[in-house]
Amino acid sequence: MTLTINGVEKEIADTILTVEDLIHFFDWGHRVVIVEVNQTILTKDQHGSTTLRNGDQVEIVSFVGGG
Amino acid sequence: MLKIGKYQLESRLLLGTGKFQDFTTQKKAVEASGTEILTFAVRRMNIFEQNQPDLLAELDVHQYKLLPNTAGASTAEEAVRIAKLAKASGLCDMVKVEVIGCPKTLLPDPVETLKASEALLAEGFIVLPYTSDDVVLARRLEELGVHAIMPAASPIGSGQGIINPLNLSLIIEQASIPVIVDAGIGTASDATRAMELGADGVLLNSAVSGANDPIKMAKAMRLAIESGRYSYEAGRIAKKRYASASSPIEGMSTV
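Protein sequence lines, in the order shown, are assigned to chains B and R. By UniProt numbering, the letter at position 6 of the first sequence is numbered 6, and the numbering carries on one by one without gaps. By UniProt numbering, the letter at position 97 of the second sequence is numbered 97, and the numbering carries on one by one without gaps.
Take the hints with a grain of salt, since some may be wrong.
[To be verified] Computed footprint of chain B on chain R; a stretch qualifies when at least three of its residues, placed anywhere within it, have a C-beta under 8 Å from a C-beta of chain B:
1) 7-19
2) 38-47
3) 119-130
4) 159-173
Hints in this document: simulated from the structure, not taken from any laboratory. The structure displayed is predicted, hence computed values, not measured ones. Glycine included, every Cβ here is placed at the ideal spot set by N, Cα and C.
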């Protein structure tokens, strides 16, 4: 399926079913990442239960240095 | 003791985490500052880069309270979204509301700041708005129920120090919630002065991260803020036009 992740269209393997799978695909499982799917912000415990569909708009953000 | 919402803090220094040259220096500077609150920004991950630096892991952030900012927002709506993203991490319930109204001066948009603060209070956040040094705006924010007011000493990153001590002191005088001087601090004496005016705390970033020796400057800031607080509590003497001898006149063995 095709997802738009952080504004970039990306073809994703069909083995990736949930947001949690997607985070592991990027190897970010050990990091603090926050995910929004189609403008809905998810808490961490929703990552495993949120399934991804073709055409979904996904935002993945994190904390960076700032004042 | 500084109280912000439900939090009680020994340190009156809030430290930003931006623009440090490397993690080792940053970690040592954070430790030297004695801070208990670190600010962060929220940004997109680069999906093409696997090995992105992990600031949170490097700093061992579980020792600190996280204060995410809404930097990058120019409307209340954007600020609310950034704050909600930060809160979804499960790591924080405070937010520094930062809605910039002018890209050149980075001065905050007062109308959007007010709107964003109101919306975030309704969402249950502990709200610390970054504001200009407008006295009436500070009062309006307090009336909304924000948990601290953070007026700028001077424009962000300018290092100009306190350019309007009168307004800052008026804001401090009227406030019954903490006033944290945020932005524009250039050196330790600026932080001391803010505290001597009666500020409850100081938030700074560039003055430490941009110093030749950030670790030493972090320590200087810690001492400056402590010193300024002691000085404020002790109460300065009144200024006089003429000299007043410290040594007694009586008993001088003049011939």
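Checklist entry - Counting residues of the stretch 7-19 of chain R with a beta carbon closer than 8 Å to any beta carbon of chain B, are there 3 or more? => result Our answer is that it holds, as 4 residues pass the Cβ test (under 8 Å) against chain B, meeting three.
Next on the checklist: Tell me whether the statement that chain B covers the stretch 38-47 of chain R is true, taking a Cβ distance below 8 Å and needing three residues at minimum.
Outcome noted: Held - the stretch 38-47 of chain R has 9 residues with a Cβ nearer than 8 Å to chain B, which meets the minimum of three.
Checklist entry - Checking C-beta pairs, does the stretch 159-173 of chain R have three or more residues closer than 8 Å to chain B? => result Three-residue rule not met by the stretch 159-173 of chain R, so violated; n is 0.
Checklist entry - Okay, the stretch 119-130 of chain R and chain B, do three or more residues pass the C-beta test at under 8 Å? => result violated (count 0)
Of the numbered hints given earlier, the model fails hints 3 and 4; all others are met.
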